[in-house]
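**Student:** If you're matching them up, the sequences are chains H and A in order.
FYI, the numbering used here numbers position 136 of the first sequence as 136, with every residue one higher than the one before it.
FYI, the numbering used here numbers position 173 of the second sequence as 1173, with every residue one higher than the one before it.
In short, the hints are calculated from the structure, not lab data.
Heads up, some of the hints might be wrong.
Said to hold, decoys possible - Label pairs and their calculated CB-CB ranges:
1) H:Ile180 - A:Ile1005: 32 to 42 Å
2) A:Glu1188 - H:Lys160: 51 to 61 Å
3) H:Pro44 - A:Asp1198: 46 to 56 Å
4) A:Ser1211 - H:Pro44: 48 to 58 Å
5) A:Gly1133 - H:Lys152: 48 to 58 Å
6) A:Ile1005 - H:Ser142: 30 to 40 Å
No experiment lies behind these values; they were computed from the predicted model shown.
Don't be surprised by glycine CBs; every beta carbon is placed ideally from N, CA and C.
So the chains spell out like this:
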Amino acid sequence: MSDRIEFRFSGSGGQGLILAGIILADAAAIYENKNAVQTQSYGPEARGGSSKSEVIISDAPIEYPKATKVDYMVSLTQESFNKYINDVKDDGIVIADKELVTDLSKAKGKLYMLDMVKSAREELGKLLGLNIIALGILVEISGAVSRDSIEKALMKRVPKGFEDYNKKALEIGFRLGKEIKNNK
Amino acid sequence: MSKNIKLMQGNEAIAEGALIAGCDFFAGYPITPSSEVAEILSNKLPKIGKVFLQMEDEIAALGAVLGAALGGAKAITASSGPGISLKLEHIGYASMCEIPCVIINVMRGGPSTGLPTLPAQSDIMQARWGTHGDHAIIAITPSGVNESLYETIRAFNLAVKYRTPVMILTDEIIGHMREKVVIPDKNEVEIIDVKLPDVPPEKYNPYNFTSGKVTPLAPMGEGYRYHVTGLIHGETGFPSQKTDVIQNAENWLIDKIYKNIKDIEKFEEFQTGDADILIVAYGSTSRSARQAITMARAAGIKAGMFRPITIWPFPEEQISKLSKRIKKILVPEMNMGQVILEVQRNACGAEIYGLNIVNGEPITPDQIYAKIKEVSEL
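Work the whole structure out from these sequences, hints included.
**Tutor:** Here is the structure:
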């Protein structure tokens, strides 16, 4: 089970984190023929509340489908950061947004504070696509799937007319991820 | 890719399985965590000329399903928690009138509204005994997304073959998780279709309690006229209070399932050959159990698993046989102890332990491994 990689996207309902997880799992399972399982957890609210979307990628069959020793976590709200960071491995990587997460007293693993919101605002013109930026970051730093696979999986799920917008969001994610790799 | 492989949710796999099985009709009322079954079928069924109905509530939904099935349709409904509680009345009617149907229960925490978005396995006994009166039921507990698709096809087949309601019991984890599914062509799987009776309408009786054979259910509208009632009825379908008719009718409802248990049963054994500890686990919990067994074996503890796939009728014979050889049995379940009661009833002489976690989170491999270790040291 050493090749098992656990990802956790966390934030609040409506941010598109479940979709980000699905795209990652799809890239691994369908485009790279690995084993992948995606699960999610949320409360009874339709919007808001803490939610998480998890992806496990492995060469071996995946039995327990949820993350318990998280390798990579991204957090897009303070509440989800506090609530879900506990299972991150000591050498796990946590990505949080500089504007959305400010209290770092619960921090665990290797924490990287990035300008996801700022990049989205400046380069995309709106915050839609924050989930795809987060996806791009995790793909870039983990290397779990190729850029090509994630782009194919993304294009399959993007509504017509929003392909370029999402590609751009993914590229921002790749760039931010690369900055982390270079700073390591 | 030569094969049709997709990443899909458990609920989506159920919908796909239903379509492959030839499902003609869905009626339901949306409820988390089962709603995707309805959502997907609402999109797909009308496109192939079949029917999707959203009813005013869950009782009416199963009522519509039974009406459709009497008309010869392969029909299905899906629900969860309080929705299943509402369906119990009509599950009894389906049982009594021998109307084939498939009922999906994506289990969530209860009782009452409970935990709409969190998993549980607490409806196992409800599936067996929820509706009143003596009856039998077939219930199936898939452990993953791929199995959800294939077991839904089997559920339709068993429903038609034995003219009975068949329940699929998954849970929020399996229903909502996504994993790879190999989608078969229709010609790659066995599909049992609804058949017309082999006698002309004037010689047709809708029931037969003594021949040992299940009478085909003649679809309404094909010229076969018969009476359908939830009252105890004779072989013509009309109510009866004759003692011999009542006894035969009651016996038949049980016998047609239990005397065909070899055809209905399905289970998996994992590393039971040399096991000193047997884990009896089903559904999503069996995934954690499998991982825990690997951990236990690495630590020198010989553990194995018996996994019922058909949970009702319960695999009594297999549990009884295994318990003669393996003297310690552990039953982890996301409920306060339901399947363990059946294990205790059938595994005479074995020490039986439960692991019951109902906190809204799935039972983890670590939790099962810790319990295996504890039990192995006793």
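**Student:** Work down the list of hints and note, for each, if the structure agrees.
**Tutor:** These are the hints, each one checked on the structure:
1. H:Ile180 - A:Ile1005: 32 to 42 Å: holds, 33 Å
2. A:Glu1188 - H:Lys160: 51 to 61 Å: violated, 34 Å
3. H:Pro44 - A:Asp1198: 46 to 56 Å: holds, 52 Å
4. A:Ser1211 - H:Pro44: 48 to 58 Å: Holds - the Cβ-Cβ distance for A:Ser1211 and H:Pro44, about 51 Å, lies within 48 to 58 Å.
5. A:Gly1133 - H:Lys152: 48 to 58 Å: holds, 55 Å
6. A:Ile1005 - H:Ser142: 30 to 40 Å: violated, 23 Å
Consistency note: the structure conflicts with the earlier hints numbered 2 and 6.
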